[in-house]
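> Assemble the complex: chain A is given as a structure, and chain B must be docked to it using the hints.
Protein chains in written order, with our numbering: chain A, 1040 to 1151; chain B, 9 to 121.
Careful, some of the hints might be misleading.
Only some residues are given here: those of chain A computed to face chain B with a beta carbon under 10 Å [said to hold, decoys possible]:
id, residue
1, S1048
2, Q1077
3, G1082
4, P1083
5, Y1085
6, I1113
7, V1124
8, Y1126
9, R1130
10, Q1138
11, G1142
Keep in mind the hints are simulated off the structure, nothing from the lab. In this text, a Cβ means the ideal position worked out from N, Cα and C, and glycines have one as well.
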Amino acid sequence: DAKTTQPNSMESNEEEPVHLPCNHSTISGTDYIHWYRQLPSQGPEYVIHGLTSNVNNRMASLAIAEDRKSSTLILHRATLRDAAVYYCILRASHLTGNQFYFGTGTSLTVIP
Amino acid sequence: DAGVTQSPTHLIKTRGQQVTLRCSPKSGHDTVSWYQQALGQGPQFIFQYYEEEERQRGNFPDRFSGHQFPNYSSELNVNALLLGDSALYLCASSQGRSNTEAFFGQGTRLTVV
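Chain A with its partners taken away, still in its complex shape:
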């Protein structure tokens, strides 16, 4: 299973951008990069995913390195509701089961 490496924790001031890094040097050509976040006592919530190109949605942006060995989740303006554990996950092709293998994630603290 391809693994990801994330910092254990990060802090950000409210209304400032946040860049959450993820290293995945063993990624295979068919692995998708997914980001989920989990608030206390809740199930993980989908944030964004991509394969090769940078992606944007209403929640965040995903910047993927050209060699795909790393990626960065960008929250453009952090709010208190963004305080959560963020998981960077490599998801195998649906042909091989496409389950998620979670790491320990990055715990994001947003400072008012």
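Relative to the frame of chain A, chain B by itself:
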């Protein structure tokens, strides 16, 4: 759309007992995966069901078994409960033949005493 629903939300069992957890996937989803999340850890993959069959399995003993019904809902069964089985059990649903996002339920908090 109710999303992914799990029942019960909380459960207390005694060591050695058996437990059944239930999951209804999001409308339109045909694949259900189960995860175990210990306190302070990331979710660990248990197994995945697609077309009523177990398609993939993580590193969990045979005490953990499951089932998927024709309506795509699923059950997770754990036999001979151990104290270490205390955790949040999460169900995720997705479309089997796509690489789009999965949707997670709120989980079932199992406490084994």
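> Against each hint, give a clear statement of whether it holds in the structure.
Status of the hints after comparison with the structure:
Evaluation of the S1048 of chain A hint against chain B yields a violated restraint, the C-beta minimum of about 12 Å exceeding 10 Å. The restraint placing Q1077 of chain A at the interface with chain B holds, with a minimum CB-CB distance near 8 Å, inside the 10 Å limit. Interface restraint check for G1082 of chain A: the shortest CB-CB distance to chain B comes to about 3 Å, inside 10 Å, so the restraint holds. For P1083 of chain A, the suggested interface contact is upheld, since its CB lies about 5 Å from the closest CB of chain B, less than 10 Å.
Satisfaction of the interface hint for Y1085 of chain A is found here, the shortest Cβ-Cβ separation to chain B being roughly 4 Å, below the 10 Å cut-off. The criterion of a C-beta within 10 Å of any C-beta in chain B is not met by I1113 of chain A, whose closest approach is roughly 18 Å, and the hint is violated. Interface restraint check: V1124 of chain A against chain B, minimum CB-CB distance 8 Å, threshold 10 Å, status holds. Here the hint on Y1126 of chain A is kept, as its CB sits about 6 Å from the closest CB of chain B, short of 10 Å.
Below 10 Å, beta-carbon pairs count as interface contacts, and R1130 of chain A has one with chain B at about 7 Å; its hint therefore holds. Given the 10 Å rule on beta carbons, the hint for Q1138 of chain A holds: about 5 Å separates it from the nearest Cβ of chain B. Hint on G1142 of chain A holds. Least Cβ distance to chain B is approximately 6 Å, under the 10 Å limit.
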